[in-house]
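K.L.:
The sequence shown runs contiguously to residue 802 in our numbering.
Calculated directly from the structure, the hints in this document are not laboratory data. Ideal Cβ placement from N, Cα and C applies to all residues, glycine included. Check the hints yourself; a few may be wrong.
[What the hints assert, rightly or not] Below, a list of computed lysine-lysine pairs in the DSSO-like style, where the Cα atoms sit at most 27 Å apart:
(1) 702 x 747
(2) 708 x 631
(3) 549 x 495
(4) 587 x 629
(5) 372 x 747
(6) 485 x 629
[As the list claims (entries may be wrong)] For each label pair, taking beta carbons as the anchor points, the in silico distance ranges come out as:
(7) 664 x 378: 18 to 26 Å
(8) 544 x 357: 53 to 61 Å
(9) 617 x 763: 34 to 42 Å
(10) 368 x 412: 15 to 23 Å
(11) 670 x 764: 22 to 30 Å
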Amino acid sequence: MYKYQKLAETIRENILKGELKPGEKLASIHSVASEKGCNTDTVIKAYRLLEEEHLIYSAARSGYYVVKAINRLQTANAATDLSTVRPPDSINPYKDFYHCMEKSITIYKNKLLEYAPAQGMEELRTVLAKHLMNFHIFTKPQDICITNGAQQALYILASMNFPCRGKKILVEQPTYSVMLQALYCNRQNVAGIKRTDEGLNLEELEAQFQTGEIKFFYTMPRFMNPTGFSYKREEKRKILQLASRYDVYLVEDDYLADLETDEKEDSLYAMGEKDKIIHIRSFSKTLLPGLRLGMAIIPEILKEEFLRYKQSMDLNTPILTQGALEIYLKSSMYKSHVARTRKFYQKKMQVLKEICHDTFGEETYYHVPESGIYAFIQTEKNTAEAVVNRLKKQGILVNGIKNSYLPGFEETEGIRLCVCNCEDKELIRAVKLLKNEMSKCIKGANA
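Make a model of the complete structure from these sequences and hints.
P.N.:
Spelled out as structure tokens, the structure:
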């Protein structure tokens, strides 16, 4: 990152946090240059960058002023949002990615007028194959399929046929609610298996696999949505052994691999038999949600069927965004962004872990991972919905996890906290209010 970008980032954070107020005049170019030990050109570039982002404006013969504070939490009536998956402005790489979009138009201007391969741009798939080596994943560009977000890949896999006699899809309980929607829309035969922070009951998993009815097992090995649970390495090894023994495909949704803190913690794909594992990645949660780009490593035997379904849904994923992602991955921007993002979420989870310890102690079960974007607070039976509604009236937005369960599956009630878009002080306040409302709902239920 250049000096002017670092300076701009510091000023941007001060604006977003409300430390620089709307209408407030910024320090002069010369005074900032003197204070930071840089030349005036650096300050001018930083100010111009913030002007382009509409955070500041210049007044003739007067200087630079703050336009507005983007942080929605600074307004009195704004909600504390612990439900929305939206990276905060302080780590949002929109400026860098905007530059990559411009480069993509320049480089791929002719291709923008043509249909692209349903599998995705070869240039992007080549860069992704190299990028995945950082995660001990060794694959070929021809095995990678680009999709409109990970959600499209999941929908296709739920729809298509697999070369095995099993017709039932096994999912963890709870699981990603959008995956359940894809299964419902496709009228799939679905079974569930309970997952806790201790993992799965491996005997039950073997019994499910042993029936020969399972088409594939859908799993989120790390930082799962909605609870934030992650498998330990030994458990992943046992899951792989069982899948191999009973010839079951694994669909691995590794959507937050970039936020992993332990470099030795491999994916199922890196550890297992490549011809039985579909590995899915998304760039929405750690990059830009609106980007809608995902990828899947598809075994050769499934590829033709997968691409046939992909092409029936859309002829190709947009070239412009594919090209921009290729440029972004090839540059140093992605690496620095991921490092900044991982650090942000680690700090956020540490704050949440401390306040949960102080607030709940031993009396309430909660799970706060070392990284990721989701944490889980367990509630008493028949109280979660009431807690969510009571918090909403106080301007605290959270989600229950009921829609992450199959109908009729015995659920553990609780609240999902998404730490993406909440200041630390608001996070602390929200947890304290959550505790109060949980206590009130328990008293009401026992009354």
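K.L.:
Decide, hint by hint, whether the structure agrees.
P.N.:
Now the hints, each set against the structure:
Between residue 702 and residue 747, the direct Cα distance comes to roughly 26 Å. Compliance with the 27 Å bound is thereby established for this hinted pair. Simply put, residue 708 and residue 631 have alpha-carbon atoms about 37 Å apart, too far for the 27 Å limit, and the pair is violated. Only pairs whose Cα atoms come within 27 Å are accepted, and residue 549 paired with residue 495 is rejected, the gap being roughly 35 Å. Taking the CA atoms of residue 587 and residue 629, the gap is near 20 Å; set against the 27 Å cutoff, the hint holds.
Restraint check: the Cα-Cα separation between residue 372 and residue 747 comes to about 23 Å, which is no more than 27 Å; the hinted pair holds. Under the criterion of a C-alpha separation no larger than 27 Å, the hint pairing residue 485 with residue 629 is consistent with the structure, at around 17 Å. Between residue 664 and residue 378, the C-beta spacing of about 54 Å breaks the proposed range 18 to 26 Å. Distance hint check for residue 544 and residue 357: the Cβ-Cβ separation is about 55 Å, which falls inside the suggested range of 53 to 61 Å.
A beta carbon spacing of about 37 Å between residue 617 and residue 763 agrees with the range 34 to 42 Å that was offered as a hint. For residue 368 and residue 412, the hinted distance range of 15 to 23 Å is satisfied, since their beta carbons lie about 19 Å from each other. In this structure the supplied range 22 to 30 Å is violated for residue 670 paired with residue 764, their Cβ-Cβ distance being about 38 Å.
The structure shown violates the earlier hints numbered 2, 3, 7, 11.
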